[in-house]
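Undergrad: Residue strings, one per chain:
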Amino acid sequence: MKDRLLKWTAGAVTGLTLSLGVAAQAPAPGGAGPAMPRTPDGKPDLSGIWQAFTTASWDIQDHPGDLNTPPGQGIVEGNEIPYQPAALAKKKENYANRGTADLTQSSCFMPGVPRATYMPFPFEIVQTPQAIGIIYEFDHADRSILMDATPYPTQWPNFMMGASRGKWEGDTLVVDVRMLDERTWFDHAGNFHSDALHVTERYTPIDRDHIHYEATIEDPKVFTRPWKISVPLYRRIEKNVRILEYECVWYLQEEKYKGKVPAAGFTGSPVEGGAR
Amino acid sequence: MSRLSIGPDRTRLTVVGVTIAAMLVMPVLVKGQASTTPNAAASKATAGSLPRTADGHPDMHGVWDKVGGDITEKNPPFTPLIQEEFHTFAYPTTFTAGGEGGPVRAERLKRRTGLVDPADQVLPWRPEADAARRAYLAKMNPPASIDYVQLSSRCSLGGGGGPFGGGTMRLLQRSDKILMQFERSNSYRSIPLDGRSHVGSNVRLFMGDSVGRWEGDTLVVDTTNLNGKIEFGVYTYFPYFSDALHTVERYTPVDANTIDFEITYNDPKLFTKAIVSAGYLMRAEKGMDLIEYACAEGGGSHTLPNMFGF
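Here the protein sequences line up with chains C and E, keeping their order.
Per this note's numbering, the first sequence starts with residue 1, numbered consecutively.
Per this note's numbering, the second sequence starts with residue 1001, numbered consecutively.
For reference, chain C alone in the conformation it holds in the complex (with noise of 0.2 Å):
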């Protein structure tokens, strides 16, 4: 695990030159750089490989550094997270635990969301006026955020990336995210939330390359009140940049199973969940 961390902890350190991961400001107008093109609709077209440059992913709240983390500034507005007195134990008793009870990084789980957006990996966008995909390198994430009333699939179990449904408010995409699933953290220090989890992310385009990123939390399982983290994404500009493969279940398969043989006596086939 501290090997997975501190490969992860690369790609963060080289963005760290860029970013000292301060919670963005509010986008001033107009930008520093050539502005973000638009579609034929005339929104801003926010289609593209983005990536965030923080540390969010092993802590959302000021942090130093240790041998397996790098040192951060916090990415929650106001740094403080409004627990409920039981849930303020809760996340102490999960920080506890992190090793293992942090399922993206012990298992390789989904992230969801947000802490997909601000993982040490890139992602990417495609914006068509019916629904934007975003898939992350990470795992092969992936979402879909449908941009009319198709209404969310509540006779499913949650997701572990949620059901997102997107509209325009100005310039800024607002995404509302319901049916996420109670498994994922918003970091790897233990900050946890219900199932009753509602998320609600906007991007701004700052110029071309920058977009201002904010996602309000809401859970009243948990929380006693709403609160907000957010961080600037990053464009990709490298040429032919794309997004490649970070197979995490895979890799761990190979680390736990590689040289070693079915047990003694299993007969049943490996196909669709192997069950003796």
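For the record, the hints were derived by calculation from the structure and aren't laboratory data.
Please note that a few of the clues may not be correct.
[Said to hold, decoys possible] One side only, chain C facing chain E, incomplete, derived with CB under 8 Å:
1. M160
2. E218
3. I237
4. W250
5. F266
[To be verified] Within a straight-line C-alpha distance of at most 25 Å, the following computed DSS-like cross-link-like pairs (lysine-lysine) qualify:
6. K1110/E / K1074/E
7. K1177/E / K239/C
8. K228/C / K91/C
9. K1139/E / K258/C
10. K1074/E / K1286/E
11. K92/C / K239/C
12. K1139/E / K260/C
13. K43/C / K221/C
14. K1286/E / K167/C
15. K1286/E / K1177/E
16. K1273/E / K43/C
17. K92/C / K260/C
18. K228/C / K90/C
19. K228/C / K167/C
20. K1110/E / K1286/E
21. K1074/E / K1273/E
22. K239/C / K90/C
23. K1074/E / K167/C
24. K1139/E / K1269/E
25. K221/C / K91/C
26. K256/C / K1139/E
[As the list claims (entries may be wrong)] From chain E, some residues computed to sit far from chain C (all C-beta separations above 10 Å):
27. E1073
28. A1119
29. W1125
30. E1128
31. A1132
32. D1217
33. V1276
Note that beta-carbon positions come from the ideal geometry of N, C-alpha and C, so glycine has one too.
Please arrange chain E on chain C, whose structure you already have, making use of the hints.
TA: Just chain E, lined up with the frame of chain C:
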């Protein structure tokens, strides 16, 4: 529609049942089929019948189900992985449960599906590759090691045909890019249309590297850089394509609800010549959405522990 939730400790229903049940709850009828002519090459839609995007190409945006594209083999070898010989099924045939299925729809739509070349289904194996796959198959049940575990049982991108497997897919279309997001394995393919080259040959991916272009009304997708860890089908006579695989897919919209496709598989390490399979995409019912395929988070997390005992 019933809930599939069985509590936090998801069983394998989540892995297999989600996808099959997704098919169960999806009405599979497609109204107003325009054409029953077989053979994509012969079908020529008139300019007026195809919806088009602003840049003049056929509009392929939406959610699609896949029929065909499978590879069948005449006189396949017996494999201990399955109890009796039967043809390779492409993933879409799992939606025979609960309603009209792939083969039924194929009959009704009378479109070309399945292996086109070789027509006699005698696959053009290189002898040494045929011997190697038979030896490999013999070690798959029980698997001699993790290297012989069927990819569909590993929550990997390579199962069920990898990027060329079937199932429900959402396609987002831009003039510079096509994004395919698949329900199966939560996989995706981001296909640039800007004329770029493939990535360097040392980059090896489960989904390969795809570049696309339009040839008239046909979307052509060229894929290389595969990693040799793609199986074909769930029950299969050849458990893997090699990393030399190079595919060309040709998608030709026929009408607003139907896209014929043909896929050419060229794997010079396995075969002496290319194999071609055909099929079609059918537009899913309006409002249909993809259901998340959470494999490691659900039933798929039990497969290897059950097998290895830890």
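Undergrad: Which constraints among the numbered hints does this structure fail? Numbers only, ascending.
TA: Failing hints, ascending: 2, 3, 10, 11, 13, 16, 17, 22, 23.
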